[in-house]
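*Asks:* Residues per chain are reported as follows:
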Amino acid sequence: MSNATVSRLLERRSPFFSGYEWVTLALVLATFAVPFLTVNPQIMSQTNLILIAATAALGVYIMLRMDLMSFAVPSFMAIGGYTVAILSIRLGITDVFVLAAAAFIVPALLAIPLGWLILRLKGVYFVLVTFVLTEIVQLLLFEAAPLTGGANGLVGMPAVKIFGFELWDNSHVLLTTAGLAFTGFLITAIFTRRYRYEFAAIEKNDVLAESLGLACWKYKALAFAVAAGVSGLAGFALVNMLMTAHPTSFAPMSSVNYITYTIVGGKASILGTLVGAILLVSATDYFALSGELSPGLYGLLIIVVTLVAKGGVIGMLTKTVQRLRGRNGGGLTNPKPALAEGKS
Amino acid sequence: MEGFIATGLIGISLGSQYTLLALGFTLIFGILGVVNFAHGGFYVMGGYVAYYCSAVLGLPYVVALLIALAATFVLGWLFEVLILERVIDDHQATLMVTMGFYLVLATGILVIFGAESPEFSFPISGVWRVGDVYFPYANMVVLGACLAAIVFVFWLVYRTNVGRSLRAMAEDRTVASALGMPTKILFPFAFALATGLAGLTGALVTPILALAPHVGDPVLAFSFLTVILGGLGSVTGATIAAFIVGLIEAYAAVYLGGSKGALTLFVLVLVILVIRPQGLMGKEVRRA
Chain C
1 MSNATVSRLL ERRSPFFSGY EWVTLALVLA TFAVPFLTVN PQIMSQTNLI
51 LIAATAALGV YIMLRMDLMS FAVPSFMAIG GYTVAILSIR LGITDVFVLA
101 AAAFIVPALL AIPLGWLILR LKGVYFVLVT FVLTEIVQLL LFEAAPLTGG
151 ANGLVGMPAV KIFGFELWDN SHVLLTTAGL AFTGFLITAI FTRRYRYEFA
201 AIEKNDVLAE SLGLACWKYK ALAFAVAAGV SGLAGFALVN MLMTAHPTSF
251 APMSSVNYIT YTIVGGKASI LGTLVGAILL VSATDYFALS GELSPGLYGL
301 LIIVVTLVAK GGVIGMLTKT VQRLRGRNGG GLTNPKPALA EGKS
Chain A
1 MEGFIATGLI GISLGSQYTL LALGFTLIFG ILGVVNFAHG GFYVMGGYVA
51 YYCSAVLGLP YVVALLIALA ATFVLGWLFE VLILERVIDD HQATLMVTMG
101 FYLVLATGIL VIFGAESPEF SFPISGVWRV GDVYFPYANM VVLGACLAAI
151 VFVFWLVYRT NVGRSLRAMA EDRTVASALG MPTKILFPFA FALATGLAGL
201 TGALVTPILA LAPHVGDPVL AFSFLTVILG GLGSVTGATI AAFIVGLIEA
251 YAAVYLGGSK GALTLFVLVL VILVIRPQGL MGKEVRRA
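Read top to bottom, the protein sequences are chains C and A. Sequential numbering from 1 applies to the first sequence in full-length UniProt numbering. Sequential numbering from 1 applies to the second sequence in full-length UniProt numbering.
Everything labelled a hint here was simulated from the structure, so no lab data went into it.
Quick list of the computed label-pair ranges, beta carbon to beta carbon:
#1 A/A210 with C/N152: 21 to 31 Å
#2 A/I5 with C/Q46: 49 to 59 Å
#3 A/D132 with C/L147: 39 to 49 Å
#4 A/A6 with C/E210: 46 to 56 Å
Only a predicted model underlies this, so the values are computations on that prediction, with no experimental measurement involved. Every residue gets a Cβ at the ideal spot worked out from N, C-alpha and C, and that includes glycine.
Extracted from the complex, chain A is given alone in its bound form (with noise of 0.2 Å):
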């Protein structure tokens, strides 16, 4: 019983963090319509940088996680007003232009750091304990932050102008900006704000799992089931989504074993796929 209890703990931090990655995902999706390929390599970045500015300039951690933030963000930022905009209009192009930005980040990455992982480690260590239910704090801060984080996204979205606007943008580009929303500027925020969550992800997971060049591959492939599952450019669905998906792979990977977890939750997409081919919470099919 306190296993069980243990890995839902673990489920569920695992959860926030892919609700994280996922959000910044499905905002793209639903805001822009561009599947962003270069997703993981934010992801990456986002921990190399707070690893840079904690273990070798001796930064305080939460100021890495900032600065993690920022860069992500302002990367972004530039990626979406100098490069993406350009295409914006064809969905196959915006996928490459990703796809191609997230090699050239894993390699720049790879370039600069080595392709071996450094040592990076989360600042707090030790285990809180409950009866026999045990849950490292390193895990605990990151579930806090996480769920921090998602809390803000829902009430950007939802509560505020500019969630508004985003989801007005997200319903009609045209009608929106010819209502007068400044889609010169949201456009490239609605992006960075979710580059920014992914980096932020990064910062705060990377020192517990790993860190090395090529970790955004999974991070990619996880985003890719957790959106499905929840339905492309649903915010709510992809949070359901995340913590589903969280808790399987906890529960798989203590009860089944080895990557038996990954394959379920695969199996549970495709078959999620047959019955209800827009997601769980998605609507009908972006004409993209």
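The following block holds chain C by itself, in its conformation from the complex (with noise of 0.2 Å):
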């Protein structure tokens, strides 16, 4: 047997794209169809809400490859979503694809000296210290008043321009959403997918992942770049939405919301994000006749999740539809049971 065979074995079995990325790849795509097709402003801010949401849960979604549960989103939108903010307020800089480059580049290229520091740290301490990163992030959004705004935070951002053409009514703003949104997924679906050996060994046991000669730091630091970066796009598209840059939009328990979405809708497949934040950003529409209840109705959903359907919603449905179709079945419930479900 030669090692040709067993890679070629790994490709026949897990295609690049499984059905999961294509499902969700082809979801978000389809929400560009919302301001075609309604004006209904209930609608189309829902669905800007919803993409917000699923793109910032997916910082949480690349860094769970690795088993790492990271509370460091609401930082790295804050980051991205001042920045563009800076730009189009103080500089003028009003292109959408010189913004969003921004949006993904810079907290990118912060994750990765924070990454040399605390991605030694491994399991709790990985979990304390990006929860205390969101803490700190809070805090010098408010002392560092003359370039953010401080208390204040930074208002009156222009609309964002495409092409010279500005964006400035609803559906534009959603159209916007809807293109950070589909770059955040895109590039998390192909960086995923890409190392995705990579990430089940570091996920399984990075000691001997480490130990067999793979540089676990390198794929570590790379993830928590991109995480961030695309983190950064979701922060654009929440400042760009509100048009305002504003200290409490990137509140740190808000992290709590990113895991959440994440857990809820299943932590083993891109579409469980998306469907997280589908069906808990609408619960708390449904459900917000007093939003301050949100948190508890999450709360409850975490622990009968954890408790009870550990895969999330797409864990469960999917095991559902192979019961259905016996162990052998195609499309969605092919993608290699062992690495795609890690140990769920």
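Since each chain sits alone in its own frame, please combine them into the complex, following the hints.
*Replies:* This is the structure we're talking about:
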């Protein structure tokens, strides 16, 4: 048996994009149609919120590939969002491509030295430090008033432009968000699938992976930077929707929401993150007679999912479909059960 | 100079409060291997129970303190037995359920008591004065109570058979239970002890600081800071770190102003992590 046989076997069992990625990308792509199908501001703002939430939660999803629970999403959203606000208000840059690139690259670059500091920490320490990080960023936003506007935030952002055309009304904002979300999802899908074996090895046992010659730090640092960049895109979308950059948009406890979307939807696949965001953001809206109750609802859901449905919504659906079709069903149920589901 | 001493006293009383919180947090981690995200929730709950008993029911403050301690102890016990024990071997799952429980607890308090902070003040007023050094009696009582609780925890952990069993279980759960340690009782006990401490701290401190449904968030962040600084799972480390945190916070608030105290602390913790990732007194990172 040559080594080519093994890798070819893996290739055959696991195509580059699994069904989950295709369905997810198609769903995100479909939101471009929303502004053309409806003028209902309620539906548009709802879609907007879902897309932003899902894109932000991708930061959690990426780090979970390596079994690292990250609370750092709001920090990098803030960095991305404020970068955009500062560029557009202070420097008058409104080209959507330039801003999106900045919203991705600035957080990603900042994540590299930060990652050097905190990626040496494992398990619990990593969780605690990412949590502390969101607190630091929150304080810095208030303290660095000359740059960030302090407690007032940065208000009066000009509308972004695409090829010189101003994107100013509701539907344009939704299109911008959809574009950013699609970019975020595409980057995440390609990145997590490109290195799926490396991530799976690190997730299972990083000490073993390292001793077998895998440069774990490289993949961890890369993932941290990409997660930061994708969070930055979500920050851009959020700031663009609110037309303000304000510290409260990036509150430390909001990191819990993004973790909830990923876990409740199902952390094993990218589709879980999207479905989690769709279900929970809609539920928040549905129960939003008093918005203050939604944390309690999230809390209950987290506990229930953790105790009785570890794979989340998608995990449960996958299991049900598999059971109905028998063991060798095709389509969504096929992609390499051992690797894709991890240790559930 | 007087200001310097007075600030030091405030720092020490802050340190004693953080110690109580951090002790509970670090006990739970050391013994159960669980990061308790609900810790701030028990602190808030302790505050509200004490408020309800003393301000609404009119019970004496000392009784209210004991009821707050008992209530958070019992709830902690129930949470451990009914929910946490089912997922105790999966560190990510324990994190999720404690986080979920915190959200439920905080929302529950919000629903029952409303979002506004209730009128809850310490029963003793007045200020102790020596020369130009001022120190409110309320802070002194809190300091005394906290110190007593700290001494109690140290006595329990290092001088009693219960403490020895707890430390044995922290060392190696499987071996300890194989040797006949009653884990079914000791695990919930350790958890309930820690949540009781958080509840007691809340009942003692919220009348001086503030009581509102969301005051648990910063408490959680400061507990994290303290235990990272001291080394997760280390009782002595947590105590030393808590006093360092308290003193830095007090002096930075006076001499630097604003939220710079918190920023100084965060930077300090980051530096510590670079030099000693296991914290001041921590041992090898628990394989979680």
